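A.B. asks: Sequence:
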Amino acid sequence: MILSINLLTKSRTWRETLRDVSSAGAFLILSYPHFLYADFAYRNGVIGMKPFEDKHRIFVDLEPNTGTVIRGMKRAQFNVFMRPVTSITSTQNLRTTLMPIFWVEEGMELPEDYVDMLTTRMLNRLRLVDILIPVLITVCALVAVLGVVILIRVRYAKRNIAPSKSTTSITPTTYTIDN
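If you count the sequence shown from 1, position 17 lands on 17 in this note's numbering, and the numbers rise without skipping.
These are calculated hints, taken from the structure and not from any lab test.
Hints may be right or wrong, so weigh each one.
Claimed, not checked - Straight-line alpha carbon distances no greater than 16 Å define the calculated EDC-like cross-link-like pairs of lysine to aspartate or glutamate that follow:
{"no.": "1", "residue 1": "K74", "residue 2": "E106"}
{"no.": "2", "residue 1": "K74", "residue 2": "E105"}
{"no.": "3", "residue 1": "K55", "residue 2": "E106"}
{"no.": "4", "residue 1": "K55", "residue 2": "E105"}
{"no.": "5", "residue 1": "K158", "residue 2": "D178"}
{"no.": "6", "residue 1": "K50", "residue 2": "D39"}
{"no.": "7", "residue 1": "K74", "residue 2": "E109"}
{"no.": "8", "residue 1": "K74", "residue 2": "E53"}
{"no.": "9", "residue 1": "K55", "residue 2": "E109"}
{"no.": "10", "residue 1": "K74", "residue 2": "D54"}
Said to hold, decoys possible - Pairwise CB distance ranges (calculated):
{"no.": "11", "residue 1": "V149", "residue 2": "Y114", "range": "30 to 40 Å"}
{"no.": "12", "residue 1": "R83", "residue 2": "M122", "range": "52 to 62 Å"}
{"no.": "13", "residue 1": "V149", "residue 2": "E109", "range": "55 to 65 Å"}
Every value quoted in this text rests on a predicted model; they were computed, and no experiment measured them.
Quick reminder that beta carbons are idealized off the backbone N, C-alpha and C, glycines included.
I would like the entire structure built from these sequences, with the hints used as guidance.
C.D. replies: This is how it looks when you write it as structure tokens:
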């Protein structure tokens with residue numbers, strides 16, 4: 001079983017996912033690839049934008065028992081605002097929109113050998129602990145019950161053996177030894 005974590009849910013709006021990373025006069029806007037989770041105004045501003053959540057989202061898959069990262073991807077798209085510039089006649093037909101420049105993808109996937117090693121070394125021991133804990137609890141409960149039974153028997157035996165008062169008197173006898 002692998003626990004998958006989406007780092008952004010669909011309930012957020014596109015404008016919350018835009019990040020202005022401009023510096024030194026270059027106006028760069030960071031977004032998800034293909035304007036995933038985007039407002040349709042941005043997504044429809046560029047022809048060919050077809051976002052698929054499986055291909056363009058950021059995610060981390062964790063093994064739930066140990067927290068080991070099995071697989072993860074982070075993806076980002078760098079965009080600039082495109083608009084008509086009045087002094088350049090060839091830009092007069094451009095729409096004002098967000099234009100993707102490039103997108104990057106960085107990720108990792110744990111090789112199958114390591115996943116198998118994790119399963120055999122770590123998880124089998126965890127399964128052994130899952131078996132041993134009920135056994136230890138049962139043994140402790142039996143020892144406690146046995147202790148209570150012994151305590152009750154000892155107290156019962158003390159009540160039944162009361163000191164008896166004997167009416168027989170012991171008279172001392174003297175012996176003499178002749179040489």
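A.B. asks: Are K55 and E105 close enough, with their CA atoms no more than 16 Å apart?
C.D. replies: Within the cut-off at roughly 10 Å; holds.
A.B. asks: Within a Cα-Cα threshold of 16 Å, do K158 and D178 meet the stated pairing?
C.D. replies: violated, 48 Å
A.B. asks: Check whether the Cα positions of K74 and E106 lie no farther apart than 16 Å.
C.D. replies: Given pair K74, E106 holds - Cα atoms ~5 Å apart, limit 16 Å.
A.B. asks: Does K74 pair with E109 here, judged by a C-alpha cut-off of 16 Å?
C.D. replies: holds, 12 Å
A.B. asks: Taking 16 Å as the top limit, are the C-alpha atoms of K50 and D39 close enough?
C.D. replies: holds, 13 Å
A.B. asks: Hey, K74 versus E105, does the alpha-carbon distance stay inside 16 Å?
C.D. replies: holds, 6 Å
A.B. asks: Does D54 lie within 16 Å of K74 when you go C-alpha to C-alpha?
C.D. replies: holds, 12 Å
A.B. asks: Taking 16 Å as the top limit, are the C-alpha atoms of K55 and E106 close enough?
C.D. replies: holds, 12 Å
A.B. asks: Mind checking the alpha carbons of K74 and E53 for me, to see if they're no more than 16 Å apart?
C.D. replies: Given pair K74, E53 holds - Cα atoms ~12 Å apart, limit 16 Å.
A.B. asks: Are the Cα positions of K55 and E109 separated by 16 Å at most?
C.D. replies: holds, 15 Å
A.B. asks: Indicate whether the distance between the beta carbons of V149 and E109 respects the range 55 to 65 Å.
C.D. replies: holds, 58 Å
A.B. asks: Please test the hint of 30 to 40 Å on the beta carbon pair from V149 and Y114.
C.D. replies: violated, 52 Å
Comparing the model with each numbered hint stated earlier shows that hints 5 and 11 do not hold.
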